[in-house]
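With the sequences and hints as input, model every part of the structure.
Numbering of the sequence shown is given in this note's numbering, commencing with residue -11 and proceeding in unit increments.
It is worth saying that the hints were derived from the structure and are not from the lab. Note that the coordinates shown come from a computational prediction; the quantities given were computed from them, not determined experimentally. Among these hints, one or two may not hold up.
[Stated by the list, open to error] Computed Cβ-Cβ distance ranges for the label pairs, DEER-style:
#1 LYS33 / GLY56: 35 to 43 Å
#2 GLU103 / LEU49: 19 to 27 Å
#3 GLU110 / HIS28: 19 to 27 Å
#4 HIS120 / LEU90: 13 to 21 Å
#5 ASP101 / LYS21: 16 to 24 Å
#6 GLU0 / ARG57: 32 to 40 Å
#7 HIS30 / ARG94: 12 to 20 Å
#8 GLU39 / ASP68: 18 to 26 Å
#9 LYS21 / LYS100: 17 to 25 Å
Think of the CB as a built atom: it goes at the ideal place given N, C-alpha and C, for glycine as much as any other residue.
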Amino acid sequence: MNRRLITIIDYERLLALKELALLTTETSENVRKLYTELMHAHMLKPGYISENAITMNSRILLRELHTGRQIDLTITYPRDSNAMERRVSVFSEIGTALLGKLVGDRVSWKIKDREAHFEILEVLYQPEAVGHFNL
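Written out as structure tokens, the structure is:
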């Protein structure tokens, strides 16, 4: 398994949310999993991260491997998540699976009663790629 890539800024912001997230999130198992992954991630300054990496506030295009269906979504901080706008919290199972992954990687998570498998097709928007370091 490849190490995830994460910006130092994203790491610091997520670390600041850790205790509160563990206390208030219904999905504390996802939170624990995310922080375990972050401990082993390759941290980079924002200007040095690949534009193919999924960072916080990145908008990405995925393809479900079983059906071929494509979806786009944005990885957000919990306060900015909105299911109707396909803005998913980094602390959700989806967000935890995607943060730090690269275009071409395959990820999976549970959808209802089954495991869904996706390929990351494209990073449609990554804040760091356009110099937006303070989102």
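Hint by hint, here is what the structure shows:
no.	hint	verdict
1	LYS33 / GLY56: 35 to 43 Å	holds (37 Å)
2	GLU103 / LEU49: 19 to 27 Å	holds (21 Å)
3	GLU110 / HIS28: 19 to 27 Å	holds (25 Å)
4	HIS120 / LEU90: 13 to 21 Å	holds (20 Å)
5	ASP101 / LYS21: 16 to 24 Å	holds (20 Å)
6	GLU0 / ARG57: 32 to 40 Å	holds (35 Å)
7	HIS30 / ARG94: 12 to 20 Å	holds (19 Å)
8	GLU39 / ASP68: 18 to 26 Å	holds (21 Å)
9	LYS21 / LYS100: 17 to 25 Å	holds (19 Å)
In the structure shown, no violation is registered for any of the earlier numbered hints.
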